[in-house]
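Undergrad: Here the protein sequences come in this chain order: A and B.
So the first sequence is numbered by the numbering used here: it starts at 1 and just counts up by one.
So the second sequence is numbered by the numbering used here: it starts at 1 and just counts up by one.
Since the hints were made in silico from the structure, they are not lab data.
Heads up, some of the hints might be wrong.
Said to hold, decoys possible - According to the in silico footprint, chain B covers these stretches of chain A (three or more CB under 8 Å from chain B):
#, region
1, 12 to 21
2, 36 to 49
Claimed, not checked - Computed, partial: chain B to chain A, Cβ under 8 Å:
#, residue
3, 51
4, 55
5, 57
6, 58
7, 59
8, 61
9, 62
10, 69
11, 71
12, 72
13, 134
14, 150
15, 151
All residues carry an ideal CB built from backbone N, CA and C; glycine is no exception.
Letter by letter, the chains look like this.
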Amino acid sequence: MRYYKMIEDGIVVGIGSGTGGVEILQEEYESLYQIILSQPTAPVGCELVLTTALQWESRPLPPKEDDEELTDAQALEIIMGGDGI
Amino acid sequence: MSTPATIISQLQGDILLANNATGFTDTTVHNAMSHLISALASAGAKINQHSFECGSFTLSASRTTDMIVSHSLEAVPCAAFLWAVNIPLTTRGIIGKVRFHADDYVKSTAIVAANGGYNTLNGSSNAIGRLQWTNSTLIFSANSTYPLLSGTTYQWLAIA
Numbered sequence: 001m002r003y004y005k006m007i008e009d010g011i012v013v014g015i016g017s018g019t020g021g022v023e024i025l026q027e028e029y030e031s032l033y034q035i036i037l038s039q040p041t042a043p044v045g046c047e048l049v050l051t052t053a054l055q056w057e058s059r060p061l062p063p064k065e066d067d068e069e070l071t072d073a074q075a076l077e078i079i080m081g082g083d084g085i
Numbered sequence: 001m002s003t004p005a006t007i008i009s010q011l012q013g014d015i016l017l018a019n020n021a022t023g024f025t026d027t028t029v030h031n032a033m034s035h036l037i038s039a040l041a042s043a044g045a046k047i048n049q050h051s052f053e054c055g056s057f058t059l060s061a062s063r064t065t066d067m068i069v070s071h072s073l074e075a076v077p078c079a080a081f082l083w084a085v086n087i088p089l090t091t092r093g094i095i096g097k098v099r100f101h102a103d104d105y106v107k108s109t110a111i112v113a114a115n116g117g118y119n120t121l122n123g124s125s126n127a128i129g130r131l132q133w134t135n136s137t138l139i140f141s142a143n144s145t146y147p148l149l150s151g152t153t154y155q156w157l158a159i160a
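Bound-form chain A, shown alone (with noise of 0.2 Å):
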């Protein structure tokens, strides 16, 4: 199994097995996974990035796009136990 990890402007965006990214051994994987799913809480209206530091930065939280892909029978769908379908 090949591992990898995705790196972006100085951010551990994140960790992946497969093709593509920066091949790192299971071990250097493993412990990413482990400082990702140990995440802290976000301070309100941030989020966090994790740096190539290992340290988690605080940003702002990108503006919500109004980006609405659920017509409203698909809503009522879901509201009503549905799928959305």
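Dock chain B against the given chain A, drawing on the hints supplied.
TA: Relative to the frame of chain A, chain B by itself:
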């Protein structure tokens, strides 16, 4: 490469965990599926004569833009799937077009994206349009309404 004994041990471990909890769950099934697919892939096996490839990713922060992963099938996939391995039961709502029920695994939809839409639990198609691909990448749609979650491990499978 996983040995048959390793695979059996992993599957037994998943089932044991489920039995010690509340019975079979989505997570159980998907963990077992992940183990099995990984083992098959490492053995160079095929699905119905088709080459396939699988992988996973776990994000450190929720992602509100498309997630692009590479594959090495060297062909445009004919099918692809993305599912959540460790569904966050503490989260309730519609996330990534997946319904996570905080109190009920069975009602939680597992498949996040698939071509043409697919739901392993009820065959519905609530994931239409969330997945695109090329001969070298898979593109999972995400935005602020339907983000990919941090800390959730997503497993993908692409079939050539």
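Undergrad: Confirm or reject each hint.
TA: Do the hints match the structure? See the list:
no.: 1; hint: 12 to 21; in the structure: holds (count 9)
no.: 2; hint: 36 to 49; in the structure: holds (count 6)
no.: 3; hint: 51; in the structure: 13 Å, violated
no.: 4; hint: 55; in the structure: 2 Å, holds
no.: 5; hint: 57; in the structure: 4 Å, holds
no.: 6; hint: 58; in the structure: 5 Å, holds
no.: 7; hint: 59; in the structure: 4 Å, holds
no.: 8; hint: 61; in the structure: 5 Å, holds
no.: 9; hint: 62; in the structure: 7 Å, holds
no.: 10; hint: 69; in the structure: 6 Å, holds
no.: 11; hint: 71; in the structure: 6 Å, holds
no.: 12; hint: 72; in the structure: 5 Å, holds
no.: 13; hint: 134; in the structure: 13 Å, violated
no.: 14; hint: 150; in the structure: 7 Å, holds
no.: 15; hint: 151; in the structure: 6 Å, holds
Of the hints listed earlier, those the structure fails to meet are numbers 3, 13, in rising order.
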